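A.B. asks: The lines below spell out each chain.
There are 2 protein chains.
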Amino acid sequence: MNREIIQPRTLRGFADTLPVIGHYQRKLLQVIEDTYLSFGFDPIQTPAVEYLEILKGKGGEESDKQMFEFKDRGGREVGLRYDLTVPLARFVAEHQGSLTFPLRAYNIGYVWRGDRPQRGRFREFLSCDADIVGHSDISGDAEILTIAQTILTRMDVGPFVVRVNNRHVLNGLLADLDLADRIIPVLRALDKIEKIGADGVTSELREVAVDQRAIDRLLLLIAARCETTDQTLAAVGAIVPAGGEAAAGLAAIRETLETVSAMAGTDECIRFDPSIVRGLDYYTGMVYEIQLTKVPEVGSAGGGGRYDNLASLYTKTRLPGVGGTIGISRIIAAVEGTIGHGSAAARERPLVVITNTQQDSLQPVARLAATVRRSELFDVDFYPAVSKHAAQMKYADERKAQFVLTLDDDGSVSAKDMLSGDRVSARPEDVVETLRTMAGGA
Amino acid sequence: MNREIIQPRTLRGFADTLPVIGHYQRKLLQVIEDTYLSFGFDPIQTPAVEYLEILKGKGGEESDKQMFEFKDRGGREVGLRYDLTVPLARFVAEHQGSLTFPLRAYNIGYVWRGDRPQRGRFREFLSCDADIVGHSDISGDAEILTIAQTILTRMDVGPFVVRVNNRHVLNGLLADLDLADRIIPVLRALDKIEKIGADGVTSELREVAVDQRAIDRLLLLIAARCETTDQTLAAVGAIVPAGGEAAAGLAAIRETLETVSAMAGTDECIRFDPSIVRGLDYYTGMVYEIQLTKVPEVGSAGGGGRYDNLASLYTKTRLPGVGGTIGISRIIAAVEGTIGHGSAAARERPLVVITNTQQDSLQPVARLAATVRRSELFDVDFYPAVSKHAAQMKYADERKAQFVLTLDDDGSVSAKDMLSGDRVSARPEDVVETLRTMAGGA
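Chains as they are written, first to last, in my numbering: chain A, 1 to 442; chain B, 1 to 442.
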């Protein structure tokens, strides 16, 4: 057939994961899942495709414009989920009767956004959410923050900071400034401070008729971040009203961060930051954002907050909660250049390649592979077909094998350490012990 | 606001995963990934959404009719992937230059089909594929079969059989019967033997002008399965021509299964079955299907085979290979009723719930949670708010906690074993040791 070749390509904003990054992503996911589990969370999953009326329940949001929507084969209006929070709301409303509350659930899955692709921003990315649904206690806020701090520390992806705020601080100030009727546009303007600066924020605030005195106080507030949480609490305390909602917000931040410190055993990398606004639509109390301090340009590496009533669109039961997400795709984009270009580093077990030099039968090689694999100490690959020794060694090298085993004509096995170049000969029944010794001595 | 409630529901054929099944699925996925890794495979990922011309490259297939397709926001014709094999073909064609061949890659991801939903069949399901691309050696066939056998054994989901065939056996017979020009319709008819029986197959074969003598011989072939592979090889050998393609196919089956036996250390649960046809479009050599023998009604629990040229639509490089998939959603559907309805059984670490009875401060409870969690021996949940002891114990019970810890007023910790009812009092610094002893004695 003389057919045209179809150009192999992916859609813009949709990326393949090649082996090196595949191993790395797996490692990060293991940290995330293991941490969620250790905090007593249960894994749940929701579908990628949902009824559009579920996904767009709120209506008129920024997110609606970026949704991948279509009609399914039965003519139903459906969409690809934009995040995992709306599906969680639908999930808890639908399964209320079969779930234990407070619910501690995590959901790891892809979400899709018709966003403009740029570094660290994709149209398809993995969201790794954990939520506690069914109570308003401050302990939940502290747990979600401790989880974020624990995961980022265990991931070992460089310095980070978890920036924490509480909506009540800003709300209290806005009430004091008589701006309670313009909370959303004011927060939206303040949220852009890092992108458009104080001048930009000023002109946006003027558009919604905020006067200069109020603008000055708002800018003062969001610039009040100091080195330590205690200093910031004092600085912000001097800007917001001394009682009421703002003061309650400050007290909550103090108690939350003290609890995190007791749980995490440290208050490093986590602090009060009055410039954090985040998630205008959902959040009603604590909010936070994770930033990789050396690569701020990839944006938020995760975040979340507390919501008063998660599932109000789908049930009359009031379900408060708190949750957060880890932006694993952003984190990988941030560290991608530094990931070792070998699978060896990423594998938990060293890779052993068995060469294939037997002309007559596969079975001695197959048995050797089985023996080494059964030890559960090594991943074992064997070269598929009899071919030149040089080609097989090149393959082992490219795969970053740590050891190469060759079955010799006399039935003995020669083991080569690919790093040191050392060779040891062993009987087949002693191969595992030999490899274990070589690996231990490396 | 007096708003209508949006009915919380999922699309037909799209299912939520609740905690109990979530833990179970996670356990099965760990077996799958760990086995793939131990055979030296690397993890890769491809996007859920691809250009429609990629997904429908072949054109006119059964799969095309079941594809979820739509226009993206830029007006591009796109679709949700129907399987992971077409994306793999596009992937290897696109990244040829940066991959090591033979490629050993696994890809675990959701796929979407507008199929009629029924037990074990969903419109969205997780596909867990592993492929060896870049060589035609029989060792690859043996490895893929050994992996299937290893995974099903380790999953511990009841008795199963891996039914193996080789296309060359049937092709050889069809050539002998002068039916080489009707291979696809004949195979399609034979593939329905378990659904429509011998009479149904006969009438379908007559429609493509196969004469009765040929029909008899074909039905004889696909009914030739015996207790052991050796018996089946002998029985089939008496039906197909003694030389040529069919004989080569039989020799390949014998060698493949002998190699599997050497690798797996057993030939249990895996045998030659001349009735297996499977995957008309892809496969050109070995084919196999996994069946859970006690729940045949859920259909194939996995399968795969060898292909001569994986990516011919996307590259001129000839890339032979062999691969297979594990149908995890089908397997879960098959065993769902028998999964213990508690998260305890599914958790790797026992769950500890810490009750919350302190009126004044969260921090002693938070510190206790941190201490127990740091041991890495237990998953730790703590009850969020001070509330009645009975409510907290009910929660611990519903969560299937193995231990409940209560911080007493004198600063000591009381540990209760939820199974035995035993209680032990310990100092906070001795809690981990106390729990370890209680867990060991259970």
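These aren't lab readings, by the way, just hints derived from the structure by calculation. Remember, it's a predicted structure, so these values are computed and weren't measured experimentally. Please note: incorrect hints may appear among the correct ones.
Cut-off 30 Å, straight-line C-alpha distance, at most; resulting in silico cross-link-like pairs (DSS-like, lysine-lysine) [unchecked claim]:
1. A:Lys-56 to B:Lys-65
2. A:Lys-71 to B:Lys-294
3. B:Lys-71 to A:Lys-56
4. B:Lys-316 to B:Lys-195
5. B:Lys-294 to B:Lys-316
6. B:Lys-71 to A:Lys-58
7. A:Lys-65 to B:Lys-71
8. A:Lys-71 to A:Lys-192
9. A:Lys-71 to B:Lys-316
10. B:Lys-316 to A:Lys-394
11. A:Lys-58 to A:Lys-316
12. A:Lys-71 to B:Lys-58
A.B. asks: Against each hint, give a clear statement of whether it holds in the structure.
C.D. replies: These are the hints, each one checked on the structure:
1. A:Lys-56 to B:Lys-65: Distance ~28 Å between Lys-56 of chain A and Lys-65 of chain B Cα, so the pair holds.
2. A:Lys-71 to B:Lys-294: Violated. Lys-71 of chain A to Lys-294 of chain B sits at ~39 Å, over the 30 Å cutoff.
3. B:Lys-71 to A:Lys-56: holds, 19 Å
4. B:Lys-316 to B:Lys-195: violated, 39 Å
5. B:Lys-294 to B:Lys-316: Not satisfied, since the Cα-Cα distance of roughly 45 Å exceeds 30 Å.
6. B:Lys-71 to A:Lys-58: Satisfied, since the Cα-Cα distance of roughly 24 Å is no more than 30 Å.
7. A:Lys-65 to B:Lys-71: Measuring from Cα to Cα gives roughly 15 Å; hence the hint holds.
8. A:Lys-71 to A:Lys-192: Violated, because 35 Å separates the two Cα atoms, which is more than 30 Å.
9. A:Lys-71 to B:Lys-316: Status violated; Cα separation ~36 Å.
10. B:Lys-316 to A:Lys-394: Within the cut-off at roughly 24 Å; holds.
11. A:Lys-58 to A:Lys-316: holds, 15 Å
12. A:Lys-71 to B:Lys-58: Holds, at roughly 24 Å.
Violated hints for the displayed structure, listed by number in ascending order: 2, 4, 5, 8, 9.
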